[in-house]
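Participant: What follows is the residue order along each chain.
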Amino acid sequence: MKVKVDGALCTGHGRCYSLAPEVFDVDDEGYSEPRDTMIDVPEEHEEATRHGARACPEGAISVVES
Amino acid sequence: MTETPARPTTGRDMHTDFDIEDVSLAENFEEVLDDLVARCPVAHSTVGKGYYVVNKHADVRRVGQDWRTFSSADGWLLNPPEVTIPILPEDLDPPYHDTWRRVLNPFFAPGNVSKVEDLARTYARQLLDGFADKGECEFVADFASQLPGLILFNSIVPIPDEDLPQLFNDIDTYSFGPLDDRIPAFGRVYEYLNDFLKARAEQEPKGDVIDVINAGVDKDGEPSPWEDKVHTLLDVIFGGLATTTHAMAGAIYHLATHPEIRRDLAAHPELVPNAVEETARLYPPVVAPARTVKADVEIAGVQLKAGDRLALNYAAASRDPDACANPGEFDIRRTDVVQSAFGVGVHRCLGAHLARLELRVTIEEFLARIPEFELEPGTTPSYESAQLRTMKNLHLRWTPSA
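Chains as they are written, first to last, in the numbering used here: chain A, 1 to 66; chain B, 1001 to 1402.
Hints in this document: simulated from the structure, not taken from any laboratory.
Mixed in with the good hints, there may be bad ones.
Chain A is faced by these chain B residues, among others (derived, beta-carbon under 7 angstroms) [said to hold, decoys possible]: (1) Asn1105; (2) Ala1109; (3) Thr1335; (4) Asp1336; (5) Val1344.
Don't be surprised by glycine CBs; every beta carbon is placed ideally from N, CA and C.
Given the sequences, and given the hints that come with them, work out the whole structure.
Facilitator: What follows is the structure, encoded as structure tokens:
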């Protein structure tokens, strides 16, 4: 699985890095990091990543299931 | 909107004659919101200059994210009084909005907010000390109206100790006091913050958010005017007080009236963050801030024109079954929460991470100290409700531990 945060849409709600901290990081302003970059998701974090993506109030996160 | 169903609880037809200030909305909040979501994606009001209300989750998201078409520059109130003081950066559009946010965000980002946790817990315990042994409290006055200010003014927005009693008193009067006393109280708060900023500008920098506000940002190539700095401090302060008060009261009200959730949380403290999200979703303090339409646009089949005013009904969007299954249920085991309580788009609540921390600490500390409690029999909370919503009182009782 891969996942990507759209940097134009992320406004720093922090749902993704709260629910899947192993996959999403946070920058000094509270935005998700990295943005606009495909992130490889380890298998054990796939479920948390889906939750984090679904919880994004901006719909900024796209998941590519492999 | 061809149907005009009878609403037994109100004489008003909320679809074509909506009034966000109507008492029937305050008293039948969930019922009216669910009805709007189900059958009226865009409501219309003739109150004041008239306005629309966008209710569906997908439409609220679209409008919130499109700041070019839906401007915040005319303020968050749907029908503002003739003379109104803006709060910034709330009542701004990019790019000036974003330049302010860029300097304010770091103070309210998770890293900085996490440093406040011990302090938040200390104050929460102090407030609980005041009433835990009595077996009863009025939770709004005794706890929820006090904790957000105690935390904010002793951490991220430091105000000198000696000034706090008067400032608390004025803010409390402005937020919750008799209507005639509110404007004078606001005047005193404004004057205090103006003088405080000025005094700080003459002192050595401390590296806090006050220095950053005093430094200002770039506004079209010029430095921010003085009043913008005062209006920014106003926003930072008022954004984080009565709003969080309401969410805290909502959380504890829900736990008082749902013993099974209360006991579930006590047994599974790792679910408290989920309870915080559900609280924000179902007890939202910010119901529906306003925007101005800048270009003719259609929303859910309703044609809006440039110059029209609309409200983004965050409270309704959080209860939209298209975004959240069984939306009326406070479910601490949800994995599909999409709530809009902290806004959508560039105006995402600056203090969202601090509010979440305060709510988590409130639930954890209250349950640790008073595991079993209920509403005082014969009482129900009353609300003040319009574009913002506040629980005015919450009477609780319990058997004090020996």
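Participant: For every hint, state whether the structure bears it out.
Facilitator: Verification of the supplied hints:
This hint holds: Asn1105(B) has a C-beta 4 angstroms from the nearest C-beta of chain A, less than the 7 angstroms allowed. Interface hint status for Ala1109(B): upheld, as the beta-carbon distance to the closest one in chain A is roughly 4 angstroms, under 7 angstroms. Look at Thr1335(B): its Cβ gets to within about 5 angstroms of chain A, closer than 7 angstroms, so that hint holds up. A least Cβ separation of about 6 angstroms between Asp1336(B) and chain A falls short of the 7 angstroms threshold, and the interface hint therefore holds.
Taking 7 angstroms as the C-beta contact cut-off toward chain A, the hint placing Val1344(B) at the interface holds, the least distance being around 6 angstroms.
Going down the numbered hints, you'll see the structure goes against none, and every one checks out.
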